[in-house]
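If you read the sequences in order, they're chains Y, P, H and L. If you read the first sequence in this note's numbering, its first letter stands for residue 236, the second for the next number, and so on. If you read the second sequence in this note's numbering, its first letter stands for residue 236, the second for the next number, and so on. If you read the third sequence in this note's numbering, its first letter stands for residue 236, the second for the next number, and so on. If you read the fourth sequence in this note's numbering, its first letter stands for residue 236, the second for the next number, and so on.
Note that these hints are calculated values from the structure, not bench results. Incorrect hints may have been included.
[Unchecked claim] Listed next, with one range per pair, are the computed distances between beta-carbon atoms:
no.: 1; chain 1: Y; residue 1: 286; chain 2: P; residue 2: 273; range: 40 to 48 Å
no.: 2; chain 1: P; residue 1: 373; chain 2: H; residue 2: 376; range: 28 to 36 Å
no.: 3; chain 1: L; residue 1: 310; chain 2: H; residue 2: 434; range: 51 to 59 Å
no.: 4; chain 1: H; residue 1: 465; chain 2: Y; residue 2: 285; range: 53 to 61 Å
no.: 5; chain 1: H; residue 1: 379; chain 2: P; residue 2: 271; range: 44 to 52 Å
no.: 6; chain 1: H; residue 1: 376; chain 2: P; residue 2: 274; range: 39 to 47 Å
no.: 7; chain 1: L; residue 1: 295; chain 2: H; residue 2: 284; range: 41 to 49 Å
no.: 8; chain 1: H; residue 1: 355; chain 2: P; residue 2: 296; range: 53 to 61 Å
no.: 9; chain 1: P; residue 1: 271; chain 2: H; residue 2: 437; range: 56 to 64 Å
no.: 10; chain 1: H; residue 1: 268; chain 2: Y; residue 2: 276; range: 56 to 64 Å
no.: 11; chain 1: H; residue 1: 434; chain 2: P; residue 2: 379; range: 29 to 37 Å
[Claimed, not checked] Below, simulated DSS-like cross-link-like pairs (lysine-lysine); rule was C-alpha separation at most 25 Å, straight line:
no.: 12; chain 1: H; residue 1: 446; chain 2: Y; residue 2: 453
no.: 13; chain 1: H; residue 1: 460; chain 2: L; residue 2: 339
no.: 14; chain 1: Y; residue 1: 343; chain 2: P; residue 2: 372
no.: 15; chain 1: H; residue 1: 306; chain 2: H; residue 2: 339
no.: 16; chain 1: H; residue 1: 343; chain 2: L; residue 2: 446
no.: 17; chain 1: Y; residue 1: 468; chain 2: P; residue 2: 473
no.: 18; chain 1: L; residue 1: 460; chain 2: P; residue 2: 372
no.: 19; chain 1: P; residue 1: 372; chain 2: L; residue 2: 453
no.: 20; chain 1: Y; residue 1: 372; chain 2: H; residue 2: 372
no.: 21; chain 1: H; residue 1: 238; chain 2: Y; residue 2: 372
no.: 22; chain 1: L; residue 1: 249; chain 2: L; residue 2: 337
no.: 23; chain 1: P; residue 1: 437; chain 2: L; residue 2: 473
no.: 24; chain 1: Y; residue 1: 343; chain 2: P; residue 2: 337
no.: 25; chain 1: P; residue 1: 446; chain 2: L; residue 2: 453
no.: 26; chain 1: H; residue 1: 468; chain 2: L; residue 2: 339
no.: 27; chain 1: L; residue 1: 306; chain 2: L; residue 2: 249
no.: 28; chain 1: Y; residue 1: 437; chain 2: Y; residue 2: 249
no.: 29; chain 1: P; residue 1: 306; chain 2: Y; residue 2: 460
no.: 30; chain 1: P; residue 1: 473; chain 2: H; residue 2: 446
no.: 31; chain 1: H; residue 1: 339; chain 2: L; residue 2: 343
no.: 32; chain 1: P; residue 1: 372; chain 2: Y; residue 2: 337
no.: 33; chain 1: P; residue 1: 343; chain 2: Y; residue 2: 343
no.: 34; chain 1: P; residue 1: 473; chain 2: Y; residue 2: 337
no.: 35; chain 1: P; residue 1: 437; chain 2: P; residue 2: 372
no.: 36; chain 1: P; residue 1: 343; chain 2: Y; residue 2: 306
no.: 37; chain 1: L; residue 1: 339; chain 2: H; residue 2: 339
no.: 38; chain 1: H; residue 1: 343; chain 2: L; residue 2: 306
no.: 39; chain 1: P; residue 1: 453; chain 2: L; residue 2: 453
Ideal placement from N, C-alpha and C gives every residue a C-beta, glycine not left out.
4 protein chains.
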Amino acid sequence: MTKVTVWNEYLHEKESETVAAVYPKGIHTCIKDFLTSDEVSVRTATLDMPACGLSEEILADTDVLIWWGHKGHERVPDEIVSRVQNAVLQGMGLIVLHSGHKSKIFMKLMGTPCDLLWRDNDRERVWCVNPAHPIAKGIPPYFELEHEEMYGEHFTIPTPDDVVFVGWFAGGEVFRSGCTFTRGMGKIFYFQPGHEEYPTYKNPFVQQIIKNAVEWAKPTAHLEKLACTHLEKPTESKN
Amino acid sequence: MTKVTVWNEYLHEKESETVAAVYPKGIHTCIKDFLTSDEVSVRTATLDMPACGLSEEILADTDVLIWWGHKGHERVPDEIVSRVQNAVLQGMGLIVLHSGHKSKIFMKLMGTPCDLLWRDNDRERVWCVNPAHPIAKGIPPYFELEHEEMYGEHFTIPTPDDVVFVGWFAGGEVFRSGCTFTRGMGKIFYFQPGHEEYPTYKNPFVQQIIKNAVEWAKPTAHLEKLACTHLEKPTESKN
Amino acid sequence: MTKVTVWNEYLHEKESETVAAVYPKGIHTCIKDFLTSDEVSVRTATLDMPACGLSEEILADTDVLIWWGHKGHERVPDEIVSRVQNAVLQGMGLIVLHSGHKSKIFMKLMGTPCDLLWRDNDRERVWCVNPAHPIAKGIPPYFELEHEEMYGEHFTIPTPDDVVFVGWFAGGEVFRSGCTFTRGMGKIFYFQPGHEEYPTYKNPFVQQIIKNAVEWAKPTAHLEKLACTHLEKPTESKN
Amino acid sequence: MTKVTVWNEYLHEKESETVAAVYPKGIHTCIKDFLTSDEVSVRTATLDMPACGLSEEILADTDVLIWWGHKGHERVPDEIVSRVQNAVLQGMGLIVLHSGHKSKIFMKLMGTPCDLLWRDNDRERVWCVNPAHPIAKGIPPYFELEHEEMYGEHFTIPTPDDVVFVGWFAGGEVFRSGCTFTRGMGKIFYFQPGHEEYPTYKNPFVQQIIKNAVEWAKPTAHLEKLACTHLEKPTESKN
Numbered sequence: 236m237t238k239v240t241v242w243n244e245y246l247h248e249k250e251s252e253t254v255a256a257v258y259p260k261g262i263h264t265c266i267k268d269f270l271t272s273d274e275v276s277v278r279t280a281t282l283d284m285p286a287c288g289l290s291e292e293i294l295a296d297t298d299v300l301i302w303w304g305h306k307g308h309e310r311v312p313d314e315i316v317s318r319v320q321n322a323v324l325q326g327m328g329l330i331v332l333h334s335g336h337k338s339k340i341f342m343k344l345m346g347t348p349c350d351l352l353w354r355d356n357d358r359e360r361v362w363c364v365n366p367a368h369p370i371a372k373g374i375p376p377y378f379e380l381e382h383e384e385m386y387g388e389h390f391t392i393p394t395p396d397d398v399v400f401v402g403w404f405a406g407g408e409v410f411r412s413g414c415t416f417t418r419g420m421g422k423i424f425y426f427q428p429g430h431e432e433y434p435t436y437k438n439p440f441v442q443q444i445i446k447n448a449v450e451w452a453k454p455t456a457h458l459e460k461l462a463c464t465h466l467e468k469p470t471e472s473k474n
Numbered sequence: 236m237t238k239v240t241v242w243n244e245y246l247h248e249k250e251s252e253t254v255a256a257v258y259p260k261g262i263h264t265c266i267k268d269f270l271t272s273d274e275v276s277v278r279t280a281t282l283d284m285p286a287c288g289l290s291e292e293i294l295a296d297t298d299v300l301i302w303w304g305h306k307g308h309e310r311v312p313d314e315i316v317s318r319v320q321n322a323v324l325q326g327m328g329l330i331v332l333h334s335g336h337k338s339k340i341f342m343k344l345m346g347t348p349c350d351l352l353w354r355d356n357d358r359e360r361v362w363c364v365n366p367a368h369p370i371a372k373g374i375p376p377y378f379e380l381e382h383e384e385m386y387g388e389h390f391t392i393p394t395p396d397d398v399v400f401v402g403w404f405a406g407g408e409v410f411r412s413g414c415t416f417t418r419g420m421g422k423i424f425y426f427q428p429g430h431e432e433y434p435t436y437k438n439p440f441v442q443q444i445i446k447n448a449v450e451w452a453k454p455t456a457h458l459e460k461l462a463c464t465h466l467e468k469p470t471e472s473k474n
Numbered sequence: 236m237t238k239v240t241v242w243n244e245y246l247h248e249k250e251s252e253t254v255a256a257v258y259p260k261g262i263h264t265c266i267k268d269f270l271t272s273d274e275v276s277v278r279t280a281t282l283d284m285p286a287c288g289l290s291e292e293i294l295a296d297t298d299v300l301i302w303w304g305h306k307g308h309e310r311v312p313d314e315i316v317s318r319v320q321n322a323v324l325q326g327m328g329l330i331v332l333h334s335g336h337k338s339k340i341f342m343k344l345m346g347t348p349c350d351l352l353w354r355d356n357d358r359e360r361v362w363c364v365n366p367a368h369p370i371a372k373g374i375p376p377y378f379e380l381e382h383e384e385m386y387g388e389h390f391t392i393p394t395p396d397d398v399v400f401v402g403w404f405a406g407g408e409v410f411r412s413g414c415t416f417t418r419g420m421g422k423i424f425y426f427q428p429g430h431e432e433y434p435t436y437k438n439p440f441v442q443q444i445i446k447n448a449v450e451w452a453k454p455t456a457h458l459e460k461l462a463c464t465h466l467e468k469p470t471e472s473k474n
Numbered sequence: 236m237t238k239v240t241v242w243n244e245y246l247h248e249k250e251s252e253t254v255a256a257v258y259p260k261g262i263h264t265c266i267k268d269f270l271t272s273d274e275v276s277v278r279t280a281t282l283d284m285p286a287c288g289l290s291e292e293i294l295a296d297t298d299v300l301i302w303w304g305h306k307g308h309e310r311v312p313d314e315i316v317s318r319v320q321n322a323v324l325q326g327m328g329l330i331v332l333h334s335g336h337k338s339k340i341f342m343k344l345m346g347t348p349c350d351l352l353w354r355d356n357d358r359e360r361v362w363c364v365n366p367a368h369p370i371a372k373g374i375p376p377y378f379e380l381e382h383e384e385m386y387g388e389h390f391t392i393p394t395p396d397d398v399v400f401v402g403w404f405a406g407g408e409v410f411r412s413g414c415t416f417t418r419g420m421g422k423i424f425y426f427q428p429g430h431e432e433y434p435t436y437k438n439p440f441v442q443q444i445i446k447n448a449v450e451w452a453k454p455t456a457h458l459e460k461l462a463c464t465h466l467e468k469p470t471e472s473k474n
């Protein structure tokens, strides 16, 4: 059983009728609903919970954390961000969605500001440029999102381990829309689609990609301790 | 003319006779001396200078910053670290030497703790695994360092853009001793040799590698502003 | 059920008593025996079979092909090599072992001669430099092979997608001992240990790595046709 | 002085009035004219010359080879292709333009069929996704090509070392338009723009990119011999 925690700041849905109409129970619940299966158990966590719903206990019991944030980035305490960073370094998978590119946790793990161009309300076609990647399993050569926020290059991220998807926007821009990274034992997937005003997370291909990413990002190894280790004796020493 | 600033915490040399005997004017002066040429001008900066010698003006006038630190990592103010990070993201090259793997600036740019195994006083053979890389220019298939501190895997860094050198240690360990990264417009090279008690920076191959790295890391582009950019109109719009 | 075909030239075992003493039924049978499980079915194929045991039908029924060859490289017909290459490009996984670095199929997929340094009868310590990779699952920071042929850098392969293991040799050399590549839909893993005179494939860590590699390399997508495709109409065209 | 050889099959220009009107002296001469400078000397070679103009002597005197081919791919003898491959492996830079993606030499160095989608006469916007790369020096965030052949994903190449440019096509497709690879000592740049019917090579940004690529691809090291090397004694042996 893979244990997923879906974190959502859960602000837009409570403040905007437009957003509430799309995601009446919040983006996190929408994601929880399509992810839950016999092999995947899902809990949710939000900004308004104690410790943002991300206690040490919860993180220790999480294989993959999914992150959706936008206007509340600054309201996530630094202590929680460091806790999540350590969990990733020790093996927890992390899937960062859409506007999460400017979350404290993503910028901290990348070491860069993760800036980009943006413009609201465009049409996107998501192309797969790495169909052999496990995250692309079952995804056609491209699929379309009738309404999506435009995110454009240059995206100031480190060189990704793999670029799986590239977005084409009708307005004339391109974006590395699906990128993987490794940090410590943790596997990270950034996926660009998912503006709060559009039903992106109801798209079957978007759902499939997030399911694939959960399967890909779940830990295969754990790092107990984050510290340098002093070797008393050479590895060659037999005594 | 390439402008280099060599930063050294400059502590060991003032506190230890052993180290002072190897680097009487400090590691920074040794590096400055072999780097200075008709094409390269070098200044030095140390922890005991105001703002660690790294004012906005100095960084704005620096093409490549070289960093040697060890016991004074914590004494570099966070404000200075952020200033250096921004300079790198905007284009300044950065060469991090030896124990600088645990400097605040390197960990911040990597997003990982950069931990490793270590053991004092071993013998290292540095193998080139990427001889086509510009940093390997003029370097033989391998060279030896009779005395060097052992740094061993697993080194918790992000996947490097390129691994140029791999260290072999007589005591039985290996290490990715020369690694490149890109962060924003900045090119970064981490190079493992250089323990303060040994004359590593007097080795002609080590000197050649650092010279090559300066040439490789100097900026080819600048980023004026670190921020997301809102496009008012689609790129396709003609008016 | 994952379907594996283990290909072995099967020459040394029939010609050398030393080798026959280590692998009395051939290297292929040894690998088949430890790989076979409820989830993995294994067949073997050898140079002396019609079409080297690699007919179109066999390849179409293979998820992952494992390749051991050495002195018989030139005896594999070019037609068979092209057939295997096409199967890999269309999605079949490929695991190339030890002296298979000079097989026609590996060189053809790499586009390089895959040369290296070598020396017989050394002692190797295999270090994991990418413990988050699925192929490293369950493998300790390092393990030892009391007897192994030395393979040393520079190994003239293209930049691997990932380097998972680095070998340390008592004689003073290092080697990128475990490397991954993607070619078309096919995932490829090269693994250096496995000289025919030593019981390397009886080592439990070597067995675990090959099991992991089979799981990692099995296809997640197929490419039906190898050819450029002419689009009659723009993707944007609605009619 | 960097020595460049521009190879062009030189068929379209002699057979089509449309193409001849754009490139009256051939694409090779157009490229030669904008590349030639005080630091770069350029010769040209074409399919109709003895040995395609690519004798051992010419290749030995070439730092960077530029390749334009399309309908004449099959007319380049395999012996010449192997000769060029060896020169690249030993250090010569190679820049493959546009329809050269299906040239024998590019497919041989990649190990893949390098297939793609295509459609004639579209409009392209070339975005820079790696502005820190030396090949992007002086190039704006994007530039436009009013007329260009559409090349679309999925492009069956190995994972590039770096993706520098991504093409946006008005018809709805994307393409990794500028990619780098290393093969042996040789640096390779594939650049998609350059259909023979359009004046792409007269575009100042295209010219700047090719100039940058020449500077980037020139050799920094040579490999004398392509073969495995037997070490008689361990590197650790002192006698």
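Status of the hints after comparison with the structure:
1. 286/Y <-> 273/P: 40 to 48 Å: Roughly 59 Å apart at Cβ, these two residues miss the hinted range, so it is violated.
2. 373/P <-> 376/H: 28 to 36 Å: Roughly 34 Å apart at Cβ, these two residues keep to the hinted range, so it holds.
3. 310/L <-> 434/H: 51 to 59 Å: Once the Cβ atoms are compared, 52 Å apart, the range 51 to 59 Å for residue 434/H and residue 310/L holds.
4. 465/H <-> 285/Y: 53 to 61 Å: For residue 285/Y against residue 465/H, whose Cβ atoms are near 59 Å apart, the range 53 to 61 Å holds.
5. 379/H <-> 271/P: 44 to 52 Å: holds (46 Å)
6. 376/H <-> 274/P: 39 to 47 Å: holds (43 Å)
7. 295/L <-> 284/H: 41 to 49 Å: holds (44 Å)
8. 355/H <-> 296/P: 53 to 61 Å: Taking Cβ atoms as reference, residue 355/H and residue 296/P lie about 56 Å apart, which means the hint holds.
9. 271/P <-> 437/H: 56 to 64 Å: holds (58 Å)
10. 268/H <-> 276/Y: 56 to 64 Å: Distance hint for residue 268/H, residue 276/Y is violated at roughly 37 Å.
11. 434/H <-> 379/P: 29 to 37 Å: At 33 Å between Cβs, range holds.
12. 446/H <-> 453/Y: holds (19 Å)
13. 460/H <-> 339/L: holds (19 Å)
14. 343/Y <-> 372/P: Roughly 34 Å between the alpha carbons, so the hint for residue 343/Y and residue 372/P is violated.
15. 306/H <-> 339/H: At roughly 12 Å apart (the allowed maximum being 25 Å), residue 339/H and residue 306/H satisfy the hint.
16. 343/H <-> 446/L: Given that 25 Å is the threshold and the Cα spacing comes to 31 Å, the pair is violated.
17. 468/Y <-> 473/P: Status violated; Cα separation ~69 Å.
18. 460/L <-> 372/P: holds (18 Å)
19. 372/P <-> 453/L: holds (12 Å)
20. 372/Y <-> 372/H: Holds. Residue 372/Y to residue 372/H sits at ~22 Å (cutoff 25 Å).
21. 238/H <-> 372/Y: The hint holds at about 19 Å.
22. 249/L <-> 337/L: holds (21 Å)
23. 437/P <-> 473/L: Satisfied, since the Cα-Cα distance of roughly 23 Å is no more than 25 Å.
24. 343/Y <-> 337/P: holds (16 Å)
25. 446/P <-> 453/L: holds (19 Å)
26. 468/H <-> 339/L: Violated - the C-alpha atoms of residue 339/L and residue 468/H are around 29 Å apart, more than 25 Å.
27. 306/L <-> 249/L: holds (13 Å)
28. 437/Y <-> 249/Y: holds (19 Å)
29. 306/P <-> 460/Y: Measuring from Cα to Cα gives roughly 21 Å; hence the hint holds.
30. 473/P <-> 446/H: Judged against 25 Å, a Cα distance of about 57 Å means the pair is violated.
31. 339/H <-> 343/L: Measuring from Cα to Cα gives roughly 13 Å; hence the hint holds.
32. 372/P <-> 337/Y: violated (39 Å)
33. 343/P <-> 343/Y: holds (7 Å)
34. 473/P <-> 337/Y: violated (30 Å)
35. 437/P <-> 372/P: holds (18 Å)
36. 343/P <-> 306/Y: Roughly 24 Å separates the two Cα atoms, so the pair holds.
37. 339/L <-> 339/H: Cα-Cα ~17 Å, so holds.
38. 343/H <-> 306/L: Answer holds: residue 343/H to residue 306/L is near 24 Å, not above 25 Å.
39. 453/P <-> 453/L: Distance ~18 Å between residue 453/P and residue 453/L Cα, so the pair holds.
Violation of the numbered hints given earlier is confined to hints 1, 10, 14, 16, 17, 26, 30, 32 and 34; the remaining hints are satisfied by the structure.
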